[in-house]
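First to last, the sequence lines map onto chains Z and C. In terms of this note's numbering, the first sequence is residues 2 to 515. In terms of this note's numbering, the second sequence is residues 14 to 246.
Don't read these hints as lab results, they were simulated from the structure. There's no promise every hint is true.
[Claimed, not checked] Residues of chain Z clear of chain C, computed beta-carbon distances all greater than 10 Å:
#1 LEU37
#2 VAL208
#3 PRO231
#4 ALA314
#5 ILE461
[Said to hold, decoys possible] Covered stretches of chain Z, going by a simulated chain C footprint (3 or more residues, C-beta under 8 Å):
#6 13–23
#7 95–106
#8 136–149
C-beta atoms are modelled at their ideal positions from N, C-alpha and C, and glycine is treated no differently.
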Amino acid sequence: MTRATDDSAAAGAEIVRAAIAYMIAGLATFLVMGALGLLMRIGHAGLWAIEARWFYAIMTLHGAGMVAAVLLAGMGALADVLNGRIRLSPRLLWTALVIYLLGSGFVVLATLVGGFGAGWTVLHPLPYVSQGEWSLWAALAMYAGYFLIAFAFLLFCLNVLYASARAYGGLGKALAWRYLFSGGRSGADDLPPPSHVAATVVAIDGVITVGAGVVLLVPLFAQAAGLIGPVDALFAKNLVFLFGHTMVNLNIYIAAALVYALLPRLTGRPWKTTWPVALALNLVIVLVLLPYFHHLYQDFAQPLAFAIIGQFASYAVALPAFLVTIFGGLSQFHRSGMRWSVPTILIALGLWGWTFGGLGAVIDSTIPVNQVMHNTLWVPAHFHTYYLLGAAAFTWAYMYWLIAELGKASESRISRAAAWLYGVGGAGFVLMFFYAGGLSVPRRFAEHIPVWQLPDQISIPFVILVALGALWLAGEMSGRAAAAWRGAARFAAPGDPVEREDAGGSPDSAAWPR
Amino acid sequence: MPPGPVKSVDRKAVQACGARSRPRRFGTAALGLALAAAGAGAALAPPIDELAHRSFAAHMVQHEIIAFVIPPFMLLFAAALPWSGPWTVAAIANALSRPVAALLISTAVLWAWHLPALYDAALRSDGVHLVEHATIFLAYLLFWRPLTGPGDAPVVLGSNGGRAAYLVAGAMQAAVLGATLTFADDRLYSYYVEASDPLLPAHLDQQLGGAIMWFSGPVVFGLAAAMVFRNRG
Numbered sequence: 002m003t004r005a006t007d008d009s010a011a012a013g014a015e016i017v018r019a020a021i022a023y024m025i026a027g028l029a030t031f032l033v034m035g036a037l038g039l040l041m042r043i044g045h046a047g048l049w050a051i052e053a054r055w056f057y058a059i060m061t062l063h064g065a066g067m068v069a070a071v072l073l074a075g076m077g078a079l080a081d082v083l084n085g086r087i088r089l090s091p092r093l094l095w096t097a098l099v100i101y102l103l104g105s106g107f108v109v110l111a112t113l114v115g116g117f118g119a120g121w122t123v124l125h126p127l128p129y130v131s132q133g134e135w136s137l138w139a140a141l142a143m144y145a146g147y148f149l150i151a152f153a154f155l156l157f158c159l160n161v162l163y164a165s166a167r168a169y170g171g172l173g174k175a176l177a178w179r180y181l182f183s184g185g186r187s188g189a190d191d192l193p194p195p196s197h198v199a200a201t202v203v204a205i206d207g208v209i210t211v212g213a214g215v216v217l218l219v220p221l222f223a224q225a226a227g228l229i230g231p232v233d234a235l236f237a238k239n240l241v242f243l244f245g246h247t248m249v250n251l252n253i254y255i256a257a258a259l260v261y262a263l264l265p266r267l268t269g270r271p272w273k274t275t276w277p278v279a280l281a282l283n284l285v286i287v288l289v290l291l292p293y294f295h296h297l298y299q300d301f302a303q304p305l306a307f308a309i310i311g312q313f314a315s316y317a318v319a320l321p322a323f324l325v326t327i328f329g330g331l332s333q334f335h336r337s338g339m340r341w342s343v344p345t346i347l348i349a350l351g352l353w354g355w356t357f358g359g360l361g362a363v364i365d366s367t368i369p370v371n372q373v374m375h376n377t378l379w380v381p382a383h384f385h386t387y388y389l390l391g392a393a394a395f396t397w398a399y400m401y402w403l404i405a406e407l408g409k410a411s412e413s414r415i416s417r418a419a420a421w422l423y424g425v426g427g428a429g430f431v432l433m434f435f436y437a438g439g440l441s442v443p444r445r446f447a448e449h450i451p452v453w454q455l456p457d458q459i460s461i462p463f464v465i466l467v468a469l470g471a472l473w474l475a476g477e478m479s480g481r482a483a484a485a486w487r488g489a490a491r492f493a494a495p496g497d498p499v500e501r502e503d504a505g506g507s508p509d510s511a512a513w514p515r
Numbered sequence: 014m015p016p017g018p019v020k021s022v023d024r025k026a027v028q029a030c031g032a033r034s035r036p037r038r039f040g041t042a043a044l045g046l047a048l049a050a051a052g053a054g055a056a057l058a059p060p061i062d063e064l065a066h067r068s069f070a071a072h073m074v075q076h077e078i079i080a081f082v083i084p085p086f087m088l089l090f091a092a093a094l095p096w097s098g099p100w101t102v103a104a105i106a107n108a109l110s111r112p113v114a115a116l117l118i119s120t121a122v123l124w125a126w127h128l129p130a131l132y133d134a135a136l137r138s139d140g141v142h143l144v145e146h147a148t149i150f151l152a153y154l155l156f157w158r159p160l161t162g163p164g165d166a167p168v169v170l171g172s173n174g175g176r177a178a179y180l181v182a183g184a185m186q187a188a189v190l191g192a193t194l195t196f197a198d199d200r201l202y203s204y205y206v207e208a209s210d211p212l213l214p215a216h217l218d219q220q221l222g223g224a225i226m227w228f229s230g231p232v233v234f235g236l237a238a239a240m241v242f243r244n245r246g
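The shape of chain Z in the complex, shown without the other chains (with noise of 0.2 Å):
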């Protein structure tokens, strides 16, 4: 071996060892999140009084770090499955994730100690006027916190975005566009596959969607300072949700470009970049920095222009969704021969709540319907639904599967009830939360009337299942994490890594039923 590709197959390890400390430390801040949301649930049932203002730190932290601890394992992962074709800096990985923790340990501080809990939807008088509930530096840690998640998730955008421009010969030809603008008649030699088109997409809209929060941030933290006057509300609120929004469904597309790499393998059945795939992918570029209007409907300062925008773009990013992910996967499955796994549980859960998570989501974001459905429970039973049995099952599903690939480990019925637990006991819970929607119960409440508290009740049985399906899977994972670290030499060596994005599997996936 030459020094080059010593150098390479080094760089390669580090990279996988950085993607099992993303996922790892993910994991376990979504567990922590989840502790708190548990008790949200207690306390809307009724069950134990929880002080408002407990409740609203506790609610201002529960989202923030559940979309940070999400995206954090999400990011690990997709630098696994880049890895090798698209060459990420372990230095920048390494980097990026101090940061990114430094910043979640601002978050934790500001709501736990400093009490924030104006949740992140914030408008003037607030974060900075809060009757006493929490200090200028509660507020100004929180939004520091922030600013450092958004600028490590940064690091990771632009890192990628250089990797692939420099792997494919160009950002053009990482996003196929030779063969896309060609109709599919040029250009389909050395076609990036399809996670590795998502994964430059959810950089190129990574970078504007960060723009979006710096252009916010700015004048908050100048605002605090005292050299300028308050924010203009409507300028303020379309940048937070188009900041906010944009985020958290680039979560969802680097969960699904995890899919695109895994489930093939799984299967055994290829999952190529085809001039549909090309174009949806491409589309979402725009598609996905749009939708954010619907969730200033009700703001009647707000150009016409833009909720109807938000109408149109709401619908129309379902559909590259609904082709490449949702159809394409159960391609994949279809009549593979594929035998249910954890990752394929798991996958097939976050099918299931792409699906119904998108479909609340469309459903809400019809104008006639906002009126009615505006900040009830149904905009976080839709989220939860997309996050939980979405974006989290499909990078549970790749931290599972990398960890034992690495660490030669097989798994047992027991691995694979708990998968099913977390999705029963996940589809029970957001079920109560779309039908408390249905009812109409206000979102944001600290505390619900007794005529509220039905749904709530029968959702913490099912929120207990997907503790222990989650809590039974995260303890497997967390057994095997030392015998993956070490072998994560094994999925550096020259010459694999291409080999890896390739249909049938990986030659080291004996452990997995086929």
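Fit chain C to the given chain Z structure using the hints.
Chain C only, in chain Z's frame:
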């Protein structure tokens, strides 16, 4: 002798290896020394040193420089020089700057000196103040050593994962302390409450000082992260 770190089995052999195998990088040494000296000058000379007696926030700036600026540059200076000191000193330094020990020592020293009784005592006595600064400096010399070297493999963190965990732990303990000071309802340091010529109102001063300690963490530890991680692990 083979290149690379050598376990300290034979002290004379170790010293001899160290003297022969470490290249002399005078440029790096000079840079490290210059930056450390600049940091010391900024921290211990006016205006920061004078302001530190009038403001908790200014005192925190001073401590940040003593803990986060001077030690890493001193280590940069030391790393460029061949080590040929007494074996016992090396053994003690190695024992104390093993990552877990160094983290615990630096944390304990930082938190101890921010206890109100000790902190006020340091401000009221030049001797105690000197001890405070010296111990913080030494504690953080130990803290940064596992990241920067110089040293043998058992001391220097050998993996990116270890470095990441170490940096996050070091940053978070300081952040927790800073947050505690920022969000404390009471004014903790009587010296500043009783000061005849305070720079800021005591409560605001304390909040600002805590925030300086807290918010500087990502800058310091982010920069450190960018410098210590390696592509090969």
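Coverage claim, chain C over the segment 136–149 of chain Z, checked by counting residues with Cβ within 8 Å (three needed): holds (count 7)
Least C-beta distance between PRO231(Z) and chain C, which was stated to exceed 10 Å: Holds, because the least Cβ-Cβ distance between PRO231(Z) and chain C comes to about 22 Å, which exceeds 10 Å.
Outcome, coverage hint (the segment 95–106 of chain Z, chain C; C-beta under 8 Å; three residues): holds (count 9)
Assertion that VAL208(Z) lies farther than 10 Å from chain C (Cβ): At about 19 Å from chain C, VAL208(Z) clears the 10 Å cut-off, so the statement holds.
Proximity test - 8 Å, beta-carbon atoms, the segment 13–23 of chain Z to chain C, at least three hits: Coverage by chain C holds for the segment 13–23 of chain Z (5 residues, Cβ < 8 Å).
Minimum Cβ-Cβ distance from LEU37(Z) to chain C exceeds 10 Å: holds, 19 Å
Given as non-interface: ALA314(Z), partner chain C, CB spacing beyond 10 Å: holds, 35 Å
Interface-negative label, ILE461(Z) against chain C, beta-carbon threshold 10 Å: holds, 32 Å
The structure fails none of the hints (numbered hints given earlier).
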